[in-house]
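One-letter residues, chain by chain:
2 protein chains.
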Amino acid sequence: MRAQFHEQLEALFHDLAEICGLVEVAVTRASEALRTGDSSVAEKVISDDEVIDRARETLEEDAFALLSLQQPVAGDLRTLVAALRMVTELERMGDLSVHVAKIARLRVPELAVPASLQGTMETMSVTAIDMVRRVCDIIASRDVQAAIELGRDDEKMDQLRRASFAQLLDDDYADGIEAAVDIALLGRYFERIADHAVSVANRVVFVVTGENPGSVDA
Amino acid sequence: MRAQFHEQLEALFHDLAEICGLVEVAVTRASEALRTGDSSVAEKVISDDEVIDRARETLEEDAFALLSLQQPVAGDLRTLVAALRMVTELERMGDLSVHVAKIARLRVPELAVPASLQGTMETMSVTAIDMVRRVCDIIASRDVQAAIELGRDDEKMDQLRRASFAQLLDDDYADGIEAAVDIALLGRYFERIADHAVSVANRVVFVVTGENPGSVDA
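Order-wise, the sequence lines are chains A and B.
So for the first sequence, our numbering puts the first residue at 5; every next one is plus one.
So for the second sequence, our numbering puts the first residue at 5; every next one is plus one.
The reader is advised that the hints may include incorrect statements.
All copies of an identical chain are treated as equivalent in the list; a pair is satisfied when it fits inside any one copy or across any two copies.
[What the hints assert, rightly or not] No farther apart than 25 Å at their CA atoms in a straight line, the calculated lysine to any residue pairs in the SDA-like style are these:
#	residue 1	residue 2
1	K106	R192
2	K106	R156
3	K48	L26
4	K160	Q8
5	K160	L110
6	K160	V102
7	K106	D175
8	K106	G155
9	K160	R137
10	K160	R58
11	K160	D99
12	K106	L70
13	K160	R109
14	K106	D162
15	K106	R96
16	K48	D162
What the hints contain is simulated information worked out from the structure, not anything from laboratory work.
Looking at chain A on its own, in the form it has when it is part of the complex (with noise of 0.2 Å):
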């Protein structure tokens, strides 16, 4: 019985691993739908996000079955429920890709970057990406060492996003207020899928330790 509980709880984290895929790809066809403008892509992050609700829904069912036929107790109770969690954060950030695809979809033909914000985006956005993927390692290999990094890694966004806010605040900008409303809000889009990486890696640390590595709702 214990045996097979456990092989149920490491096919959902291999599910939760999977999710995490798709999300990956969502936070980086959002990042590209920005960068180029094209329109359809930006239309796939925004069509596929369904297919995202529908594995989160599906690995939820999973769970609630694990947790009614198995009982489990502790340390296992914990991981299932960590698991719910998990998923939760996984979905929210596929959400947030979709944001950031609406707002590149929004100013197809133009650009919604001005060329002097290009770089600080390109950068989140490619530090959101890397985030993503190695949470998808994460979760796969329970490598707490890499977990406990990447948390570390948390304070580079929230670099990026002052050093955005003192670009567009600076004298020489002169885009005006619709780019400064989008990279506002572009710039809390990446930090929210940041953090929520972040967080799904305290929660394998949880899973694998017992104990969280300090608070995990930034």
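Given chain A, put chain B in place with the hints provided.
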């Protein structure tokens, strides 16, 4: 055993309603800080957030104890997991109030919101406070009809947000980039508070009826 379990579940919802009350205070004070530029009110929101965080931790431990000791199945299990999700969302609404308060604090002794946008922003914050107050009642009363009505009001916040964008992008807007960025982010924070209020209300519907009134993660 089951009667005792339902008493404990009742106590958990009582605690959820109390935490919701703390969130209502936070949103109300954050709005006041925004309206008045009173830094001590903003500070209070920021420092009191810890109380919400601690209350969440206590409620989570209680819920885990119930899950472990009582081994609920079916509806009871889903109710407990729903309670865990609700407290996560309530805590998040507290965090969003802190974000609002921090923007108010950053602009002291000025007001973050320029005169031209104060009407819209005040309506946004009044709407958010009203939605939070109602969701607290819904948690306490388990009133399904009120919960469904709250869901319908979500559109109101979206309309206010679109109105704020229209004002920012109007040729008459003359309050600069910094205020525009603040308004865009404040609008996002209030919108997320409203989203979470609707989501918590939907979870109450689920707990009472066993059915979702639609997607809860808008």
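Each hint, compared with the structure:
1. K106 / R192: both (14 Å within a copy, 15 Å between copies)
2. K106 / R156: Result: close only across copies, 23 Å inter versus 30 Å intra.
3. K48 / L26: Within one copy only: 12 Å inside, 41 Å across.
4. K160 / Q8: Answer is neither: 41 Å inside a copy and 49 Å across each miss the 25 Å cutoff.
5. K160 / L110: between (28 Å within a copy, 22 Å between copies)
6. K160 / V102: both (23 Å within a copy, 22 Å between copies)
7. K106 / D175: Between copies only: 24 Å across chains, 29 Å inside a chain, cut-off 25 Å.
8. K106 / G155: For K106 and G155, only the inter-copy Cα distance (23 Å) is at most 25 Å; the intra-copy one is 28 Å.
9. K160 / R137: Only inside one copy: K160 and R137 sit 16 Å apart there, 37 Å across copies, limit 25 Å.
10. K160 / R58: The answer is neither: 32 Å in one copy and 28 Å across copies each exceed 25 Å.
11. K160 / D99: both (22 Å within a copy, 21 Å between copies)
12. K106 / L70: Close neither inside one copy (37 Å) nor across copies (42 Å); limit 25 Å.
13. K160 / R109: Cα proximity of K160 and R109: across copies only (24 Å, versus 27 Å in one copy).
14. K106 / D162: Classified as both; 23 Å inside a copy, 15 Å across copies.
15. K106 / R96: both (15 Å within a copy, 24 Å between copies)
16. K48 / D162: Answer is between: at 24 Å across copies they meet the 25 Å cutoff, but 28 Å inside does not.
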